[in-house]
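Participant: Residue-level listing of the chains:
Protein chains: 4
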Amino acid sequence: MTALAARSATRSSGGKAGGAASSPSPPEETRALRSQARRTKARLLDAGMSVLRERGYHAARVDDVVRVADVSHGTFYLYFSNKEDLFRSLATRCAEEMTELIGSLGPVPPGPDGRAELERWVGGFVACYREYGVVIRAWMEDQVSSRELARLGARTFTEVNATLVERLRESATVPEAEIDLAAAALIAMIERFTYFVTSRDLAIDDAQAVRTLAVLIHRGFFGA
Amino acid sequence: MTALAARSATRSSGGKAGGAASSPSPPEETRALRSQARRTKARLLDAGMSVLRERGYHAARVDDVVRVADVSHGTFYLYFSNKEDLFRSLATRCAEEMTELIGSLGPVPPGPDGRAELERWVGGFVACYREYGVVIRAWMEDQVSSRELARLGARTFTEVNATLVERLRESATVPEAEIDLAAAALIAMIERFTYFVTSRDLAIDDAQAVRTLAVLIHRGFFGA
Amino acid sequence: MTALAARSATRSSGGKAGGAASSPSPPEETRALRSQARRTKARLLDAGMSVLRERGYHAARVDDVVRVADVSHGTFYLYFSNKEDLFRSLATRCAEEMTELIGSLGPVPPGPDGRAELERWVGGFVACYREYGVVIRAWMEDQVSSRELARLGARTFTEVNATLVERLRESATVPEAEIDLAAAALIAMIERFTYFVTSRDLAIDDAQAVRTLAVLIHRGFFGA
Amino acid sequence: MTALAARSATRSSGGKAGGAASSPSPPEETRALRSQARRTKARLLDAGMSVLRERGYHAARVDDVVRVADVSHGTFYLYFSNKEDLFRSLATRCAEEMTELIGSLGPVPPGPDGRAELERWVGGFVACYREYGVVIRAWMEDQVSSRELARLGARTFTEVNATLVERLRESATVPEAEIDLAAAALIAMIERFTYFVTSRDLAIDDAQAVRTLAVLIHRGFFGA
DNA sequence: GATGAATGAGATTTCATTCAT
DNA sequence: TATGAATGAAATCTCATTCAT
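Line order of the protein sequences matches chains A, B, C and D. Using my numbering, the first residue of the first sequence is number 26, and each one after it goes up by one. Using my numbering, the first residue of the second sequence is number 26, and each one after it goes up by one. Using my numbering, the first residue of the third sequence is number 26, and each one after it goes up by one. Using my numbering, the first residue of the fourth sequence is number 26, and each one after it goes up by one.
In short, the hints are calculated from the structure, not lab data. Careful, some of the hints might be misleading.
Which copy is meant is left open, so a pair is good if it fits within one copy or across any two.
Calculated cross-link-like contacts (lysine to any residue; reagent style SDA-like; alpha-carbon spacing at most 20 Å) [said to hold, decoys possible]: (1) 108 - 84; (2) 108 - 196; (3) 108 - 80; (4) 108 - 126; (5) 108 - 205.
Working from the sequences, and respecting the hints, build out all of it.
Facilitator: Written as structure tokens, this is what we have:
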């Protein structure tokens with residue numbers, strides 16, 4: 026389990042439990058059980074990400090998830106109505122973080138400021154991709170069979186695209202007629218390059234990759 | 026089934042047939058059988074590609090393949106030792122065509138000649154991707170379980186990378202230190218962008234996409 | 026929940042409560058607990074009937090029962106050793122009411138008095154069937170897996186049969202040799218007809234159905 | 026396996042195989058396999074009836090069926106898409122036989138001819154019920170979850186009812202206003218009484234039961 | 001060379017029951 | 001007395017592969 030996954034699991038159960046301590050009404054007992062349930066669900070979510078990462082969307086089995094989470098099959102279905110449901114939860118998490126992250130890209134001037142902004146932004150993307158890459162790829166390749174999941178992916182993709190088109194337009198490097206395709210190409214390059222970096226054993230560290238990618242984008246798309 | 030698939034299927038079993046032709050006077054019947062066998066195998070290979078394209082690597086079932094090829098399950102195992110074996114054959118075809126295609130990229134000067142060369146080359150890639158995209162993606166995402174298949178993918182990828190590094194070095198736009206990463210980013214962009222174009226319902230035709238992609242590459246990587 | 030169910034549930038646990046009331050001064054707390062326990066058990070019994078009616082004997086799940094009763098799974102097993110045990114309780118209730126009801130059939134002369142008696146009696150049966158139909162059908166069709174439950178059903182059936190044989194003999198319409206079978210046929214007709222009336226959406230009200238059934242029985246079995 | 030079940034299995038595959046022998050076109054081999062498949066399917070159908078009879082509709086497991094038919098789980102799904110599908114086949118068989126049988130009831134005059142006709146008809150019903158009782162009960166009690174199955178049951182029931190109403194009207198024993206309910210009561214009595222006879226261990230043979238039932242119907246519904 | 005019937009391991013899902021709190 | 005989280009056996013269904021013909 027990666028540090029990121031562990032963090033999110035802890036976070037997801039920590040908040041409520043802490044808050045509950047100060048409110049007087051819920052009985053001691055109930056709170057303890059509730060918190061146990063929350064921990065179990067978090068374990069399942071984290072296990073889900075882990076299995077997804079290791080085996081991919083199609084090959085992921087409920088069996089793997091429960092083994093990693095160290096709970097019984099029955100317990101799984103206590104928290105999720107089926108495999109798809111677990112994936113939906115993970116995808117929702119992913120969509121939220123992605124949308125927020127991508128939207129955070131500010132104007133990208135041709136000078137060093139632009140490069141810095143890109144670097145910051147690409148860095149965030151790489152971190153996010155380390156966590157949610159599988160989900161993103163499942164979306165990108167339309168591997169999901171569920172309508173709802175597919176729609177979530179399409180919506181996220183559309184939002185990302187819109188943000189990039191806006192920035193490209195500001196920088197006026199790409200002719201208006203090509204802007205849409207350029208944005209698509211930009212997403213393509215970032216997603217796939219990050220995939221190489223995070224999954225293959227390229228002998229480079231994240232920082233180096235982020236820097237290079239920022240430079241390439243700056244030069245190719247923002248007229249550095 | 027596309028012309029490409031039919032052609033390559035025939036070719037791939039052609040070697041054997043050619044050998045048989047030179048041996049003196051095989052009985053009428055044997056020759057008939059051999060040619061029937063060749064046709065059956067070709068049908069299975071083409072059916073394999075077709076199913077792979079429609080359902081993806083993981084969801085492709087032997088049952089689909091034999092239904093499309095219109096042969097029985099038993100026949101399938103006459104020609105391939107298992108499902109993996111069929112995929113191996115297809116992947117080998119793919120690797121051959123890809124390596125040849127990618128290697129055909131000549132020097133890319135910053136002027137219109139360079140752009141023309143890129144356009145020709147990208148066009149070839151898009152055509153090839155229409156045929157073998159599924160295989161390429163299976164490689165790219167390490168979806169294949171078999172060692173041998175994965176190795177074939179890695180080798181192909183490496184060769185492609187080497188070609189691009191060579192061209193980038195010639196053009197001297199990218200600093201030597203970044204050349205490897207730039208080549209990877211280039212592959213990333215081309216592969217994914219082509220995937221978008223061939224699979225999503227972007228309202229653009231191939232020609233337009235090819236032109237734009239060539240322009241973007243030219244500008245971003247070859248200092249146009 | 027119908028009035029009948031509520032009433033019988035309360036009554037069935039009444040015995041215990043009565044005993045407790047006569048013992049001298051149980052501590053306040055204990056009394057409170059006992060009465061709460063009684064209420065909980067009654068809730069479970071009523072929920073059991075309700076679920077049985079809605080889903081049938083085989084499809085009834087403990088989960089449904091506890092949801093309807095609004096208690097936890099754990100609580101269920103405080104009051105019943107297993108699912109079968111709950112059904113046993115319900116069946117016992119049913120057997121008691123049925124035996125009493127059927128036994129209440131007085132002589133059935135061929136004239137209007139006989140018809141009135143039949144009508145009263147059939148009316149009681151229909152009301153009882155609305156409440157306990159599922160249990161009766163479970164018996165009738167040997168759907169119960171437990172020996173004990175099956176025996177209870179057989180015993181009830183036998184008693185009912187005996188009563189009818191007695192009345193048929195008095196009326197002397199059916200030859201002695203056929204009396205047993207006639208009684209069986211009578212039970213058959215009443216049970217199934219009532220089932221139609223209570224479960225299908227026949228466009229008739231209870232009163233009409235009761236009257237017609239009484240007439241048919243009177244004519245066919247008691248020489249009206 | 027009962028004699029009846031065995032008979033139907035043999036019959037269902039016998040016809041075609043016999044006919045095929047005289048036609049020249051289908052290769053020897055193919056015919057052998059086809060006939061094996063037919064035998065296997067017949068085995069599954071018969072096993073289905075047998076299991077249905079022994080365990081009832083809800084408790085019947087695919088596992089039981091394949092054990093009785095002595096085939097693997099996989100084979101079951103080769104012939105039926107699921108449990109429901111098997112039941113659908115059986116129910117269709119049943120509906121066909123029942124409709125034909127019930128429709129065969131001719132006019133029932135009050136004299137000995139009427140009794141003879143009733144006896145013949147009831148005898149047919151009892152035989153049919155021995156074979157298909159479970160299906161009929163599943164219909165009667167709305168145990169089936171599938172829309173299609175339920176509709177088939179309702180349709181069959183309606184046809185049966187119509188036939189009886191016609192005969193009752195001819196005999197003019199029952200006032201027109203009560204005819205529908207009388208027909209329902211008649212079905213009720215016949216079905217349930219036959220159920221008693223065929224399933225309980227009443228110490229009477231079929232012939233005796235049929236005779237008595239015919240007499241009771243004749244007297245009660247046709248003014249004998 | 002080809003067929004297609006049969007297999008069985010393995011995947012998902014349900015639900016009665018137990019047990020720590 | 002009550003809770004509800006957890007369990008695991010059992011049921012349904014899929015699919016790659018084998019084998020008799």
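Participant: Is the C-alpha distance from residue 108 to residue 126 at most 20 Å within one copy, between copies, in both cases, or in neither?
Facilitator: neither (27 Å within a copy, 41 Å between copies)
Participant: Under a CA distance limit of 20 Å, which applies to residue 108 and residue 205: within one copy, between copies, both, or neither?
Facilitator: neither (35 Å within a copy, 40 Å between copies)
Participant: When Cα atoms must be at most 20 Å apart, do residue 108 and residue 196 count as within-copy, between-copy, both, or neither?
Facilitator: The answer is neither: 44 Å in one copy and 50 Å across copies each exceed 20 Å.
Participant: Tell me, please, which holds for residue 108 and residue 84 at an alpha-carbon limit of 20 Å: within, between, both or neither?
Facilitator: both (12 Å within a copy, 16 Å between copies)
Participant: How do residue 108 and residue 80 come out at 20 Å by Cα distance, when the copy is not named: within, between, both, or neither?
Facilitator: both (14 Å within a copy, 19 Å between copies)
Consistency note: the structure conflicts with the earlier hints numbered 2, 4 and 5.
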